[in-house]
Amino acid sequence: MLRSGLYMLWAELFLLRRRVATWVLLGTWTGLGLLFGYIVPYAMYRSDDDEGPSALTGMLPDQLTQTVLDGFPFYGGAIALMLGVLSVGSEFGWDTLKTLFTQGPGRGRIFTAKMVALAIMIVPFAVSIFAFGTVASVIIARMEGITVVWPDSGTVLEGVAAGWLILVVWAAVGVLLAVITRGTSLAIGIGILYTLVIEGSISLLVDTVSFVEPVVDFFLRANSYSLIRPLGGASGASGDSAATDGPGAFSGPYVDTTQALVVLVVYALVLTGMSAWLLRRRDVA
Amino acid sequence: MPDHTNHGPHVIETRDLTRRYGEITAVDTLNLTVRRGEVYGFLGPNGAGKTTTLRMLLGLIRPTSGGIAVLGSSPGSAGSLARTGAMIETPAFYPHLSGGDNLRVLARYAAVDASRIDLVLDQVRLLDRAGDVFREYSLGMKQRLGVAAALLKDPELLILDEPTNGLDPAGMTEMRALIRELGQGNRTVLLSSHLMHEVEQTCDRAGIIAAGRLVAEGTIDDLLGEDALVVRAEPTLDAMAIARDIAGVRRASLVRGAIRIKTLPGAELDPAYLNARLVGAGVAVRELRLERASLESVFLDLTNPNELPARGDWPGHPDGNDTIHDEEVADVA
Ligand SMILES: Nc1ncnc2c1ncn2[C@@H]1O[C@H](COP(=O)(O)OP(=O)(O)O)[C@@H](O)[C@H]1O
Ligand SMILES: [Mg+2]
Numbered sequence: 001m002l003r004s005g006l007y008m009l010w011a012e013l014f015l016l017r018r019r020v021a022t023w024v025l026l027g028t029w030t031g032l033g034l035l036f037g038y039i040v041p042y043a044m045y046r047s048d049d050d051e052g053p054s055a056l057t058g059m060l061p062d063q064l065t066q067t068v069l070d071g072f073p074f075y076g077g078a079i080a081l082m083l084g085v086l087s088v089g090s091e092f093g094w095d096t097l098k099t100l101f102t103q104g105p106g107r108g109r110i111f112t113a114k115m116v117a118l119a120i121m122i123v124p125f126a127v128s129i130f131a132f133g134t135v136a137s138v139i140i141a142r143m144e145g146i147t148v149v150w151p152d153s154g155t156v157l158e159g160v161a162a163g164w165l166i167l168v169v170w171a172a173v174g175v176l177l178a179v180i181t182r183g184t185s186l187a188i189g190i191g192i193l194y195t196l197v198i199e200g201s202i203s204l205l206v207d208t209v210s211f212v213e214p215v216v217d218f219f220l221r222a223n224s225y226s227l228i229r230p231l232g233g234a235s236g237a238s239g240d241s242a243a244t245d246g247p248g249a250f251s252g253p254y255v256d257t258t259q260a261l262v263v264l265v266v267y268a269l270v271l272t273g274m275s276a277w278l279l280r281r282r283d284v285a
Numbered sequence: 001m002p003d004h005t006n007h008g009p010h011v012i013e014t015r016d017l018t019r020r021y022g023e024i025t026a027v028d029t030l031n032l033t034v035r036r037g038e039v040y041g042f043l044g045p046n047g048a049g050k051t052t053t054l055r056m057l058l059g060l061i062r063p064t065s066g067g068i069a070v071l072g073s074s075p076g077s078a079g080s081l082a083r084t085g086a087m088i089e090t091p092a093f094y095p096h097l098s099g100g101d102n103l104r105v106l107a108r109y110a111a112v113d114a115s116r117i118d119l120v121l122d123q124v125r126l127l128d129r130a131g132d133v134f135r136e137y138s139l140g141m142k143q144r145l146g147v148a149a150a151l152l153k154d155p156e157l158l159i160l161d162e163p164t165n166g167l168d169p170a171g172m173t174e175m176r177a178l179i180r181e182l183g184q185g186n187r188t189v190l191l192s193s194h195l196m197h198e199v200e201q202t203c204d205r206a207g208i209i210a211a212g213r214l215v216a217e218g219t220i221d222d223l224l225g226e227d228a229l230v231v232r233a234e235p236t237l238d239a240m241a242i243a244r245d246i247a248g249v250r251r252a253s254l255v256r257g258a259i260r261i262k263t264l265p266g267a268e269l270d271p272a273y274l275n276a277r278l279v280g281a282g283v284a285v286r287e288l289r290l291e292r293a294s295l296e297s298v299f300l301d302l303t304n305p306n307e308l309p310a311r312g313d314w315p316g317h318p319d320g321n322d323t324i325h326d327e328e329v330a331d332v333a
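Protein chains in written order, with the numbering used here: chain Z, 1 to 285; chain G, 1 to 333.
Looking at chain Z on its own, in the form it has when it is part of the complex (with noise of 0.2 Å):
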């Protein structure tokens, strides 16, 4: 039983592997961390004679995690999403699972493996940007002649390990999505737009319509901003994050960490236990 769900994956991880499309989302992943985290606050406060060296801050090593975490409930959350939809939803196009599903393990094995795989694939993802988050704020350091002061590494562990749990419950939309809409493209639309307009949206209403409040509570967004509010993400630790003035500006409501934890986590098992059921059921035709 363990050796055959080992089996598969290594079959699951190695498919995730050689796809390009995984690389290129890592890619664009880490390049947009750095973009917003470092490249262009950077850029700004050398063009900018006015800013006086409290604007590095956020750019230096012990500032890593709040700079970094910022990205995850934004375009990380889109960018996890595509990874999840790309990991079921291909198999719709490509008419592969006729032949898993002919394999021998029943399909709730299969995507059990499936799943794993894509949470094992995501750590990668959630410590790349931390990784080069280090890289790149040791040479702003180094160039603006301030020593370096390296991060707490408990925080920075905690703050890997809740970017992932971000990264993982929206993945497991994208599956959702995917295996709803048996397929890639519309998927990924409705993840965008739900993300943008539903959360987007209704989350500007919060402070004027007062009905909206306990159902925000209880969005993707609200939860994973709050689960990186005491990690320094997310919040004015940084100064000027892509998080309180960018286009992922967030200015709450927030809700107890804890709660956001058990949010995070019952939405990640809920909705990849609705996948696994939809997948076990319907025809594949």
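Honestly, the hints are just simulated from the structure, not real lab data.
Treat the hints with caution; some may be incorrect.
[Said to hold, decoys possible] Beta-carbon label-pair distances, calculated as ranges:
#1 G:Val133 / Z:Gly31: 26 to 34 Å
#2 Z:Thr258 / G:Val133: 27 to 35 Å
#3 G:Gly185 / Z:Arg18: 32 to 40 Å
We put the beta carbon where it would ideally sit given N, CA and C, even for glycine.
Based on these hints, arrange chain G with the ligands on the given structure of chain Z.
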């Protein structure tokens, strides 16, 4: 579910298997029996319900009603899938992976030793192209990779859905030879096809499906039956009545404007005698010829929508009590 054990003679058995898609009944109370070790042809025109049936046998789709036993287990169960290899419709693989890598992925899923990969690639003569990506394979190579994948488990039961579709004549011949080879020994092969001569050349037994129903099942020899006399004559209905009166005639039916006359087993009908009878009765005979038995004629006979087959006429037909008499057929025509 039919009652039998893993080691019973029937590798596949369906009971009143039915699958509807909305208004369409793709498979209609189908009773199929495939025996251990045989190469069974599942013959029917496009849209007859072959693929739908095979998908149900593999658990890819669920029946609307009816029962299935595959290798003594329910369809799609780990128990039956572990011993079944299949290729359904077009071969489906990861387009960006090589043929070999595709098989490596499937071997992991099927818990099959990786040493089988080269073995099956060699069996379908694809070993030298194993490193090329699937996307760039020719259709024939894709089909062969599909067969190779189906062979990975060294399965007791091999289900191939129109594996010669889209192949050139040489490829078809090669594929049929391969299927015969694969069907030797204890392995059971279920081959679906819309080509009568393919089934005639390749299979031991066959079932003929039309509009979702099994209209005949038996050995190829049984199904071929006897030669037929084909007559074009005016007035047609008079001619048909005269033909039916002749001793030894089992059946006279109208097929696309011509009367096809079949005799009872062992009986001979002399064309000269038939001609004399018809002319004697004032019927104008425009054409009279002998049609050699072939699965093609059986097939056309059975699947012709203008002429319902006389159910029960065919040896081994599972549905003998649902007989439509020739008279009724003639009236319809
Ligand atoms: N997923 C589906 N939805 C609706 N109709 C279908 C579906 N699959 C098959 N059919 C219909 O069922 C009938 C049998 O199709 P199929 O089993 O593919 O035939 P064959 O394989 O013998 O060519 C056809 O009329 C086809 O249009
Ligand atoms: Mg078909």
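Status of each hint after checking the structure:
Range check, G:Val133 to Z:Gly31: about 27 Å between beta-carbon atoms, so the 26 to 34 Å window is met. At roughly 49 Å, the beta-carbon separation of Z:Thr258 and G:Val133 lies outside the given 27 to 35 Å, and the hint is violated. One distance hint, 32 to 40 Å for the beta-carbon pair G:Gly185 and Z:Arg18, holds here, with the actual separation near 36 Å.
The structure shown violates just one earlier hint, number 2.
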